[in-house]
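Asks: Letter by letter, the chains look like this.
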Amino acid sequence: MSVAAFLTDSTLCIGCKACEVACKEWNGVDEDGLDWSGFSYDNTRAVGASTWRHVKFVEQAPVPGLGGNAAGQASWTFSSDVCKHCENAGCLEACPTGSIVRTEFGGVFIQPDICNGCGYCVTSCPFGVVERNPKDGRAFKCTFCYDRQKVGLQPACAKACPTESIKFGGIEELRKKAEERVEELHRRGMKDASIYDPQESSVGGTHAMFILRGDPRAYNLPPAPEVPTVYLRKGWASSALAAGLLLGGTLLAFLTDGRE
Amino acid sequence: MSNLVPLRDMDERSLEREQRLEEIRAEAEKRGQLRVVGSRPAGAPFPQATPETGYYGIPLLKQPPWTWEIPLYFFVGGAAGAAAVIGAIADYTGADRELVKHARWIAAAGSVISPALLISDLGRPERFLAMLRVFKPQSPMSVGVWTLLGFSTGAAAAAFAGFLHDRYGPSLPLRVMENAGQAASLAFGLPFSNYTGVLIGATAIPVWNKNASDLPLHFAASGLGAAVGILEVMGHQKNRALQALGLGAALFETWEGLRIEGRSQRALEPLKWGASGWITRAGGILSGPLPTVFRAASLLAGKRKSQSLRRWAAWSAIAGSVITRFAWMHAGHVSAREWELPLQNQQSPPSARQR
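Line by line, the protein sequences are chains A and B. So in the working numbering, spot 229 of the first sequence is number 219, and the numbers just go up one at a time. So in the working numbering, spot 143 of the second sequence is number 1035, and the numbers just go up one at a time.
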């Protein structure tokens, strides 16, 4: 069983959005409407029910050597965002129907024939990826092209990427590749390059890693995401205490005086 | 403008876009500058994506997709669960039969209304049975669905058997059904009245998960206050056990309110500021201090005055419980929109620092 992953290298991304288009075409994803966000060339803003791949246009004050522009012009970097396919996935744990499963390829997959649109996965994703489609009623996100992987093809976005910014392969192999690539970037003077793969956090690493330049926060990537199951112990302890107090209090109240 | 395709032949979406363009043109002509989303007055600085401003301040988290059914369900479930506990304990301790019957009816009404609310909020209501495919202890919603199933069955059975008993006289099967139903509604009612606090506590929404250990206790007290209130409104405003329970719930809610007001953390601000803050405050005052004052006054007042004060306390607690559930839902929405929270209070890796 090979466990697969994405490695999205933002230093190679040219912001062409071929991944978005390929994803929409292969998976039959809805259009996003014609709305100008006013934020660089990003008019879809975030991953969601109708955007499973999302190219971020990170535009910031000029940084020499970042973004490849002439001195004095805004620095640009691009990064294609996607469902992180967490090792400990909040959506998968929360799903009350068992619709969300871990596939044999390591991805997190919502079975569309089972999902009943309860929406709990939406509130449980620390990356804000899953969204309920208001027209359809069910929750949607990147499928990791489960159907394509089933027949030995790579996901549509990786296939379409013209610069191999989106790499697809075995997770161990890609982790090694990412480290080598970051070392190489550092050697070439890009000291701000780093890997985003929160293995230290309760999410326990992701099946979609990113090579970024600069602070991940500028890419809306949380420095320390938490899988919501970490709050369960606190919650159920409080629930047990509440149940005990309710039972004890009611008993006490009626044993001492239940008459009118 | 639209001479390529006549407007009447356009499909709906293109028409929408064309109308939006017309609106933008009209606004530009009228005011000389645009305020529609996605356009910027000429010469204004470009927005930037930086560690300090996040990704243009676009929220990372998605807002809860739930509509009014869910907070209302939190209220109904909380009150019904607590009513079942009150009914069963009142029965076991030999309290007034009328009180037992009324408590059971509240629980039974909740056992019908709750699933209806939950199902109607689903994106695909016809698939609600998919919830019963699995039992997942790590998913509070799955645990809750099974708890609801047990509670509803028990509460409905107890109330129905009680009704048949009153109507057609006693019989053994009815007694078994009544007692088993009541025991089940007690056992499931205890977690049912507060699990919704666990449910929203175990999410990625900061204002909820920061309160993971407060919410179940808070919701239990809110549910108890509502159940006592409904029973008092149904005519039990002389029962002293209910008075004690109502006072206990109101005192706890007062403490919870003070706790909410007393803490100052960035993530807890939706509970104190803005519209969500005022709704939370309104719910808190109606659930805590007001019923406490009414109940304290009723202990001192004369017979007739005392009952009317207790009815005031009851209505206040019921309204407070409803508003409190909507307040927490609203605060969750506000919290999800606060883009800086998920990017906050953590160190970025040293290699990622720049400028």
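Treat the hints as calculated values from the structure; they're not laboratory data. Heads up, a few of these hints could be off.
A few chain A residues that face chain B, going by a derived Cβ cut-off under 7 Å, partial list only [what the hints assert, rightly or not]:
id: 1; residue: T1
id: 2; residue: C6
id: 3; residue: G18
id: 4; residue: D22
id: 5; residue: P54
id: 6; residue: V91
id: 7; residue: T93
id: 8; residue: D205
Here are the computed distance ranges between Cβ atoms for each label pair [claimed, not checked]:
id: 9; chain 1: B; residue 1: K1197; chain 2: A; residue 2: D247; range: 42 to 48 Å
id: 10; chain 1: A; residue 1: T93; chain 2: B; residue 2: E908; range: 34 to 40 Å
id: 11; chain 1: A; residue 1: G179; chain 2: B; residue 2: E908; range: 46 to 52 Å
id: 12; chain 1: A; residue 1: L24; chain 2: B; residue 2: G1166; range: 50 to 56 Å
id: 13; chain 1: A; residue 1: A230; chain 2: B; residue 2: Q911; range: 54 to 60 Å
id: 14; chain 1: A; residue 1: R178; chain 2: B; residue 2: E904; range: 48 to 54 Å
id: 15; chain 1: B; residue 1: E904; chain 2: A; residue 2: A230; range: 50 to 56 Å
id: 16; chain 1: A; residue 1: E170; chain 2: B; residue 2: E908; range: 25 to 31 Å
id: 17; chain 1: B; residue 1: G1166; chain 2: A; residue 2: L242; range: 22 to 28 Å
id: 18; chain 1: B; residue 1: I950; chain 2: A; residue 2: V91; range: 25 to 31 Å
id: 19; chain 1: A; residue 1: G179; chain 2: B; residue 2: E944; range: 50 to 56 Å
Glycine included, each C-beta is placed from N, C-alpha and C at the ideal position.
Asks: Please go over all the hints and tell whether each is borne out by the structure.
Replies: Right, here's what the structure says about each hint:
Among the interface hints, the one on A/T1 is violated; its C-beta lies about 13 Å from the nearest C-beta in chain B, farther than the 7 Å criterion. Below 7 Å, beta-carbon pairs count as interface contacts, and A/C6 has none with chain B, the closest being about 19 Å; its hint is therefore violated. Hint on A/G18 is violated. Least Cβ distance to chain B is approximately 17 Å, over the 7 Å limit. Interface hint status for A/D22: violated, as the beta-carbon distance to the closest one in chain B is roughly 12 Å, over 7 Å.
Given hint, A/P54 at the interface with chain B, is violated; its Cβ is 10 Å from that chain's nearest Cβ, farther than 7 Å. Look at A/V91: its Cβ only gets to about 11 Å from chain B, farther than 7 Å, so that hint breaks. For A/T93, the interface hint is violated, since its Cβ never comes within 7 Å of a Cβ in chain B; the closest pair sits about 17 Å apart. With 7 Å as the threshold, the beta carbon of A/D205 comes within range of chain B, its nearest partner Cβ sitting at about 4 Å, so the hint holds.
Restraint check, B/K1197 to A/D247: a C-beta distance of roughly 21 Å breaks the suggested window 42 to 48 Å. Checking the proposed 34 to 40 Å range against A/T93 and B/E908 shows it holds: the Cβ atoms sit about 38 Å from each other. In this structure, A/G179 and B/E908 meet the distance hint of 46 to 52 Å, their C-beta atoms being roughly 49 Å apart. Our hint of 50 to 56 Å for A/L24 and B/G1166 is violated, since their Cβ atoms are close to 32 Å apart.
Distance hint check: the CB atoms of A/A230 and B/Q911 are about 56 Å apart, consistent with the given range 54 to 60 Å. For the hinted restraint 48 to 54 Å between A/R178 and B/E904, the CB-CB distance of approximately 52 Å keeps it satisfied. Checked against the hint of 50 to 56 Å, the C-beta distance between B/E904 and A/A230 comes to roughly 53 Å, which is consistent with it. Checked against the hint of 25 to 31 Å, the pair A/E170 and B/E908 fails, with Cβ atoms roughly 49 Å apart.
Range check, B/G1166 to A/L242: Cβ separation about 40 Å, and the 22 to 28 Å hint is violated. Checked against the hint of 25 to 31 Å, the pair B/I950 and A/V91 passes, with Cβ atoms roughly 30 Å apart. Our hint of 50 to 56 Å for A/G179 and B/E944 is violated, since their Cβ atoms are close to 25 Å apart.
Hint violations for this structure: numbers 1, 2, 3, 4, 5, 6, 7, 9, 12, 16, 17 and 19, all remaining hints satisfied.
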